[in-house]
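S.K.: Listed below are the residues making up each chain.
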Amino acid sequence: MADHHVIIENLVKTYPGAQKPSVDHVSFSLPRGEMLALLGPSGCGKTTILRMIAGLIAPTAGAIRLDGADVSSIPVYRRNMGMVFQAYALFPHMTVAQNISFGLEMRGVGRAEREERVGRALDLVKLNGLGDRKVSQLSGGQQQRAAIARSLVIEPELLLLDEPLSNLDAKLRDEMRDEIRDIQARTGVTAIFVTHDQDEALSMADRLAVMSAGRLEQIGTPREIFDRPQTDFVASFIGAGTFFEGKVAESGLAVVEGLKTLRFVGDASVGSTVKLMIRPHRLLLANREGQTNSFTGTVEHIVYRGQILTLNVRCGDRLLQADLPTHAGLLPEKGGTVTLAVAPEDVTVVGQVAA
Amino acid sequence: MADHHVIIENLVKTYPGAQKPSVDHVSFSLPRGEMLALLGPSGCGKTTILRMIAGLIAPTAGAIRLDGADVSSIPVYRRNMGMVFQAYALFPHMTVAQNISFGLEMRGVGRAEREERVGRALDLVKLNGLGDRKVSQLSGGQQQRAAIARSLVIEPELLLLDEPLSNLDAKLRDEMRDEIRDIQARTGVTAIFVTHDQDEALSMADRLAVMSAGRLEQIGTPREIFDRPQTDFVASFIGAGTFFEGKVAESGLAVVEGLKTLRFVGDASVGSTVKLMIRPHRLLLANREGQTNSFTGTVEHIVYRGQILTLNVRCGDRLLQADLPTHAGLLPEKGGTVTLAVAPEDVTVVGQVAA
Amino acid sequence: MSAAAVPSAGSPTAGASRGMLLMLLLPGLAALVITFLLPLIWLLRASFASSTVGAFSGGDWTAQSYSTVLFDPFYWRVTWNTLVLGFNVAVFAVILSYPIALFLARTESRFRGVLTALAVAPLLTSSVVRTYGWMVILGDRGVINSTLQGLSLTDGVIRLTNNSFGATVALIEILMPYAILAMLSGFGRLNAQLEEAAAMLGANRFRIFTRIILPLSLPGVLTAGLLVFVLAISSFVTPRLMGGGRVFVLGTEVFNEATVTLNWPLAAALSVMLLVLFSSIILLYQRALRALET
Amino acid sequence: QDASIRGTVNIVGFSGVFADNYQKFIIDPFKAKYPGIEVTYQQSKNSAETLALLTLQRADPKIDIALIDVAVAIKANKDGIFARLDPARVKVLEEMPAWARLDGDKAVAFSQDNLAILYNTDTVKQPPTSWNDLTDPKYKGKIAAKLGDTRGVILLPILDKLAGADYKQSIDPALDLLKKIAPNVSTWEPAPDCYAVIQSGEVDLSICWNGRAQYLHDSQGGKIGVAAPKEGSIGQTNTVGLVENSRNAEAAQVFINYALGAEAQATFAEKSFYGPVNTRVKLPDAVAARIYGSKEAQAAQMSLDWNFVADKYSAWIQRINREVIALN
Amino acid sequence: MQGNQLLGRIAWNALITLLYLFLLAPIIVVFIISFDTRQYLAFPPESLSFGSYVKVFQNIKFISAFWRSLIIGAIVGIVAVSAGMLLSLALARYRFRGKAAVNFLILAPFLVPHIVLAVGVMLVIAPLGLLDSYPGIVLAHLGITIPYTVRTIMMSLMAVDIRVEEAALVHGAPPRMVFWRITLPLVRPGLIAGGVIAFLISFDEATISLFIVSVKASTLPTEIYHYLEYSTDPQIAALSVILILISVGVVVAVERLVGLRRAL
Ligand SMILES: Nc1ncnc2c1ncn2[C@@H]1O[C@H](COP(=O)(O)OP(=O)(O)OP(=O)(O)O)[C@@H](O)[C@H]1O
Ligand SMILES: Nc1ncnc2c1ncn2[C@@H]1O[C@H](COP(=O)(O)OP(=O)(O)OP(=O)(O)O)[C@@H](O)[C@H]1O
Ligand SMILES: [Mg+2]
Ligand SMILES: [Mg+2]
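In order, the protein sequences belong to chains S, D, Z, G and U. For the first sequence, this note's numbering gives the first residue as 1, with consecutive numbering after it. For the second sequence, this note's numbering gives the first residue as 1, with consecutive numbering after it. For the third sequence, this note's numbering gives the first residue as 1, with consecutive numbering after it. For the fourth sequence, this note's numbering gives the first residue as 1, with consecutive numbering after it. For the fifth sequence, this note's numbering gives the first residue as 1, with consecutive numbering after it.
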């Protein structure tokens, strides 16, 4: 921890005039070269954290350390960070190339080298040939890429990205993700990026920090977050799922109202009431009824989503959500009866219910 | 066709001063109660089509018919359509409730009924309690929902939605999708919505119209579009995939450079060169090498995406993209060797290559 | 030297900000203090002087001028006239300027620049010359009267000028450019898409105007109204010349006391009176604006 | 030529044609006579502005001589703006009438511009001959009369005399007469000015200053006619004053002595149609007629007790404004 | 287009035309009069000629006053814009005590009649020895023009996304560079519009100028005023027309260049 590149300690930000803090005692740290995704619903304080790290706003309390040293006395323009703003914040009076070149100029890089590096950056974000355009002549997606190029070209030590891909269509977004990931891996820059797209967070980041209402809910690898959410909020915010409450009858077995019993893997003391979750894609079509953790019900709703088919299956008074691969042989139809099963290790304990 | 609710015939729009038409001979039609998604990259003309249907701009050529009658002589305000604008266009001087109520007032609905219907609409979009807020006091997502409520409350015959969900996080977006889908199904209103999110298009729409540079590329059900894209553009725009070019050696068998042969299902005359596509999730882990349509290679890149694991597998000089479910037993690791296989019916012909 | 991102005290560049702030404020404030605040203080001082010399260099203090202003019913009537004139001019100038401002705000015409310039052009004509222009139009043998007589619509002369009607008409025209400019800058919230949205919701042109355009432009209209009112009640050349000397308003009285009877203390006191009027109007206006916004 | 006296004299005075004439007929000849004395002439918009300027510079005057309206001069003397002229240096004082030597020679009248009735020579075929003609109903709505300033203050004593009263007793008779004129008045603030409205035919008659009207009559084709009423008139009186604490008092008094002299006065009267004050001036008949009108009118020419009038100045204007103009 | 929509358009255009006619009526009259050959203002003209224009261009007082006004207006424009820029920055970007007072001080000159200010300005300027001097008249005009420049620049400044400045900071630009490279270029429309307005006001101001200047620094409006004291002839009309044409030209050029309306 102590030798981590970025250390955030008990960061608090209360905007003037606000009753509640927008960022509330958040602590985390990143080793050099890591990419962290800040994830959370709109208004939970993601941008605020980035802006404090950048030095654009001052924390109400808490500390930000880079390589162990408190940064509060370093002015913004000497922190050597790159930042992609949520609304791009390109310089409207400059061409694309001038925008990208700006940071290099500020660093006193010579003209020839500048031109060369700007050219490379333009290639990187697939804007070659658009360098001489005015910013206003770019589409939203192109602007976003120009902003990315501007922040990358200065080879910052720390890269801050605020929803850098929100305005791109799926295709381009995938490409840019790979690009950013690549550059980050190659240059070894530490990066923090904000997103509300969980797929983006899961696929790009080394670790995810999930926030809710100013607080850090959980921080961990994509797998930890997705498969072992530690709070209710994280469980329901990341990925879909069906939630159950059950009384633990014996170790690894809970009695759930309306269903029979549910076998699960995880710590839960006998007699306590636990919250359990099943991810939609962990529910599989079962061969036969009566199998462990199997549910039979009627298909109420089917949504085709290309790769997968999302089913809502009614079992008694519960609605189970299941995602089946579209190529999994004979697919159920609306109104039909299906039996779904789940492996005990795919039933996750996401919390205790106070008695 | 003739009895369809909305019929678009050879619609063309060239903006004054533009060299190329922004919408170029587009024709399609919708039966009453259908929901159509207009999908395509930024700037392809989606909004332009919506605005012509709404009557906000006049087509350069072509006709729009509602219930068989040409609408060109009906002024906007008598067309009884609901529209959600890309940038919301909420009335800034009114409260949320007043915004929603506006259309009802224009229709002379009495105060009591108005209040009741506005209340229900607010519930619907989960804005209960925010009715008295000024529009400027809402977050982006909340504004978008208010705009949706405003267009729904008048129970229009035709609903036009321009990227209605772009500013919502995954969770809320899913909920709103279901809500809109539900309302649409319940009220039987015909709806056209614009999106650049293919997941949204696939999961919400009865049919998809994919556009590119002003032209309609393909229109069809989600499955037709996803599984049987008729053009290169559609294939690469919707969903990911690995593309091959191969010479058809015999019916259903193509020789692909760098690979061996690829069996496919589809029409292609022997001797011609075809473009073939394999969707990532149709590539499965194979038990043994040498099976039909199987490829062995090294895992170059792994991305964990919650539900699925995306692999980039290098076979010779080709990179295959495969999506494996995360619960499919023992998962491959980066650098390891895997064998992937695909069923011939999952190898899609997406076009011919001119010799 | 930008204050760019130094919005709050805790900021990393805050150390420099106090000195910076002073640097930013000093030149402009110095100019304003010299050419506005000090003259105003002098005005106050002068209004309490007893003689012409006292008005310049101090000396004794007396409230004589104020008691003259406050206890002379003539000045009450003048004040009332001033308010009536200001009100009429403000109302009509706003009504007549509104369509032009709306037109300029929306037109896509190539001539937009010229049209904007033309709307402002009246500001640049000497008021004496412009007044003469109005005399030609409204005079007893002017364009309107001769047209009416030519069409045999009237046989007598209709008195259109040398009275408060003439003064009002000319003031309206003279102050319209200010109203147009003020409205133009206040029309920022108007946005074609809002009108489209209203049309989609079933509002016809009339309703779009009354329910969307008008309310959205109301702050601009209020600002324009205030500006015109204030300029109208402080005007003196136009009411004097166009009113044929029959229109007595505070502006003409100030001018009269300052340049004809040389009673500077009284002129100062009348000016202070005018300022008090302004201030109360502005306060009322701000109330109205706040009420509009909540 | 007398080059023995040296110095600079700074004069502030009226602008426009007056300034041109003053330069040409007073200053230039003076400079020819006294080459050692430099003279600068600064134009001022009006006497009020001049007074303001002088008041401001009281501690350190930059101006030595002011040409100023008599009413303003008297006001200035109340504030001690002007210095007493030295009779030893300004010998010509002896030639000035008593009424012209104000406040013990702290300002001396040097010219008078008579109030007259102007008429449009196209529309008025029978020029008015009497101030009483102003009440003639045929001029209804055809008179321009700016009376809110010195013009009104001068007209009142004239009308008082017409009514057989004395302005020192009461001006009520004059106001009553004025109220009879009022219905004929089209504008009390002629725009652009009281001469142009005659030229353009906007009105038939206008109560205005003689000098300028004569000048316009000559220069612009005789459209303006001047009627000098037989009951005589009163002139707007211009005074010259030596500024208190002037640093060039000596040279300044040399100048004043010259400017008040008969020769200078006569030339200026002939060129500007302003009546001279120096008692030794004898005007040619033609010139006298254009300044004062007929012999009858010349005989009836009046002068005022300016100290008395200055005291009533603003009260009279106020009464004209409130009792006549405001009610019409 | 529907019939009644067309009708509405025609009615609307007719209304606008009428209003413009009203707005420009006296100027049209002045324009016509300016060609009259007579030596006094009268309508309609007897016969037409460019004589008055020729005379205006031959009038040395007008010409030299015109250049003086031009110089004074230019200086006033530049100084008012500079001071206005700094004030706007302080007001738009800082929170400080007394901000309301500063705001009022900037708004108030809009509302105080010039006739009221004029004597006071003279009184303040006189002891500085600045009467009838360029610095004096420039100073006097600053008070009435700075409010306009602050207003227009503020409008531009508000429109500038602060994030753009932040982006420059983050990418290594010290505040000084942010100002020169980002903020200043972005508010240029406001600067130009403010400068033009300040110029026009200074160029046109008579009331206060009359108290400040007499000979050396007399401006065109004061010359016109003095001229009107003893003659009212078509020269004045011709001069007005020339000035209007110049101003319209300036406004149109600026509108073309930066879009004046945005800044207003
Ligand atoms: N300048 C400000 N003044 C007061 N409150 C603010 C300010 N900026 C943000 N907030 C509040 O602080 C909270 C956190 O804002 P922040 O911008 O960090 O959210 P976010 O997580 O980035 O959301 P989004 O996904 O919508 O961008 C919000 O509730 C917001 O209303
Ligand atoms: N008013 C206009 N004048 C000229 N060209 C326009 C206008 N509006 C749109 N265009 C052009 O027409 C094309 C289609 O625009 P449209 O707004 O329909 O795109 P879109 O498909 O809605 O894109 P997006 O997803 O970015 O909203 C674009 O190339 C755009 O530049
Ligand atoms: Mg944010
Ligand atoms: Mg669009």
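These are computed hints drawn from the structure, not numbers from a lab. Don't be surprised by glycine CBs; every beta carbon is placed ideally from N, CA and C. Treat the hints with caution; some may be incorrect.
Reference excerpt, derived from the structure (chain Z facing chain U, CB under 8 Å, subset only) [stated by the list, open to error]:
(1) L24
(2) A31
(3) P73
(4) Y75
(5) V91
(6) I100
(7) V114
(8) T125
(9) P215
(10) A288
Dumping the calculated DSS-like pairs for lysine-lysine here, alpha-carbon to alpha-carbon at most 30 Å [stated by the list, open to error]:
(11) G:K33 <-> U:K216
(12) D:K126 <-> S:K20
(13) S:K20 <-> U:K99
(14) G:K45 <-> U:K55
(15) D:K275 <-> S:K334
S.K.: Min Cβ distance, A288 (chain Z) to chain U: is it shorter than 8 Å?
M.R.: This hint is violated: A288 (chain Z) lies away from chain U, its Cβ roughly 16 Å from the closest one there, beyond 8 Å.
S.K.: Less than 8 Å between beta-carbons is the criterion; does Y75 (chain Z) satisfy it with respect to chain U?
M.R.: violated (16 Å)
S.K.: Go through the hint on V114 (chain Z) and say holds or violated, using the shortest Cβ distance to chain U against 8 Å.
M.R.: holds (6 Å)
S.K.: Have a go at the A31 (chain Z) hint: is there a Cβ in chain U nearer than 8 Å to its own Cβ?
M.R.: holds (4 Å)
S.K.: For the pair supplied as a hint, K275 (chain D) and K334 (chain S), is the alpha-carbon distance within the 30 Å limit?
M.R.: violated (35 Å)
S.K.: Does K55 (chain U) sit within 30 Å of K45 (chain G), going by the straight-line distance between their CA atoms?
M.R.: holds (23 Å)
S.K.: Just to be careful: measuring from the Cβ of T125 (chain Z) to every Cβ in chain U, is the smallest value less than 8 Å?
M.R.: Given a least distance of 5 Å, the restraint on T125 (chain Z) holds.
S.K.: Hold the hint about P73 (chain Z) up to the distance rule: shortest CB distance to chain U must be less than 8 Å.
M.R.: Interface hint status for P73 (chain Z): violated (23 Å vs cutoff 8 Å).
S.K.: Is the interface hint for V91 (chain Z) satisfied, with its Cβ closer than 8 Å to some Cβ of chain U?
M.R.: Hint on V91 (chain Z): violated, closest Cβ of chain U at ~15 Å, above 8 Å.
S.K.: Can P215 (chain Z) be said to touch chain U, with a Cβ gap under 8 Å?
M.R.: Where the cut-off is 8 Å and the nearest Cβ of chain U is about 20 Å from P215 (chain Z), the hint is violated.
S.K.: Holds or violated: the hint that I100 (chain Z) contacts chain U, with Cβ atoms closer than 8 Å.
M.R.: Constraint on I100 (chain Z) satisfied, holds at 5 Å.
S.K.: Can L24 (chain Z) be said to touch chain U, with a Cβ gap under 8 Å?
M.R.: With a minimum Cβ separation of about 4 Å from chain U (threshold 8 Å), the hint on L24 (chain Z) holds.
When held up to the earlier numbered hints, the structure conflicts with 3, 4, 5, 9, 10 and 15 and fits the remainder.
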